[in-house]
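Turn these sequences into a full structure, and let the hints guide you.
Residue numbers (my numbering), protein chains in the order written: chain F, 1 to 127; chain L, 128 to 333.
Read the hints as simulated data drawn from the structure, not as lab findings.
Treat each hint with caution, since some may be false.
Here chain F is said to cover these stretches of chain L; the calculated rule only asks that three of the stretch's residues, wherever they fall, bring their Cβ under 8 Å from a Cβ of chain F [claimed, not checked]:
1. 157-163
2. 169-181
3. 209-215
4. 310-319
Since the structure is predicted, the reported quantities are computational estimates derived from the model, not experimental observations.
In this text, a Cβ means the ideal position worked out from N, Cα and C, and glycines have one as well.
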Amino acid sequence: MATASRHPARPGPDPSAAQAAQAHGSAASYRKGFILALVLTVIPFALVMGEFLPRTATVAIVLGAAVVQMVVHLIYFLHLKTGEGERWNLVALVFTAIVVGIVMAGSIWVMHNMNYYMMVPMPMPAH
Amino acid sequence: MSAHAMNAQAHASHSAREAHHDAGPTTALGFWIYLMSDCILFAALFAAYAVLSPATANGPTGAELFDLSFVLAETFLLLLSSVTFGFGMLAAVGQDRPRAMRWFIATFLLGAGFLAMELYEFNHLIQMGAAPGTSAFLSAFFTLVGTHGLHVAFGMIWLATMMAHVMKDGLTDTNLTRLNCLSMFWHFLDIIWIGVFTIVYLMGAL
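Structure (structure tokens):
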């Protein structure tokens, strides 16, 4: 609503401008999203390039920053909301996230197991 | 008719929704669902990459090949292009055509810069003997990163087409709906790139 008031009823030929303006956020939301995305990009690159932390900590922070940055993009650039009219967008996104999770985690898990049991000759610890 | 009691702006947007059978929101939802299916396509490529990345067949590994400062520059170009597209959309919605065109041209140039860097990198890798046929790791790398690059290339063709549409017909409802879909596509590609630089380049370099 705040954004709609930034485009006060223009007498222009497009009556849906105010309605569309709501869906496109505001300059402030893009600036905010840009700064957050910048920080969430620089942190993981700096950690990997500088090797400041132990490997496990770096992996955790790098993956965490990626997930947070994806959410930042969804909120500030794609203007994903949880409101009434936006529900199906969110439902489709959640469904997709579940499928993506199953595809990726499942593939890595299954293939890791297969490598472990069948393909790669590993030095087995003595039983 | 309660609509008469509303202020002019609300009345205008209300009647636009009802009288013109505005297909904008439906089209946007349909395009969003396409993007989600594209997301699953990328998930399959990411999964293939994650599984195959250790399979370097005695060839070069990611840690030996990737230049992170180069990738960081690519990331900045794509992120900036997302923001310039956002400002372009705000100008387009505000019916400011010259301003919108300037932002769209900036977006196009940033996208072209990203794509040029990616092609340079691919060429450089192939010259170094790290071609798609060298190992399963590199096949998966070129497929995943190349598919993203192909999406960016198509996004740029679409953006050039939309700039021609806007110059010819102006910022009509139809063109705004199309631009809205393109902006979702463009922002979506930036989100996929977060996955690419995290899983391929950063994790690969660790």
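Do the hints match the structure? See the list:
1. 157-163: Held - the segment 157-163 of chain L has 3 residues with a Cβ nearer than 8 Å to chain F, which meets the minimum of three.
2. 169-181: n = 7 at 8 Å, threshold three: holds.
3. 209-215: holds (count 4)
4. 310-319: holds (count 6)
Figure legend: structure checked against the earlier numbered hints; every hint is met.
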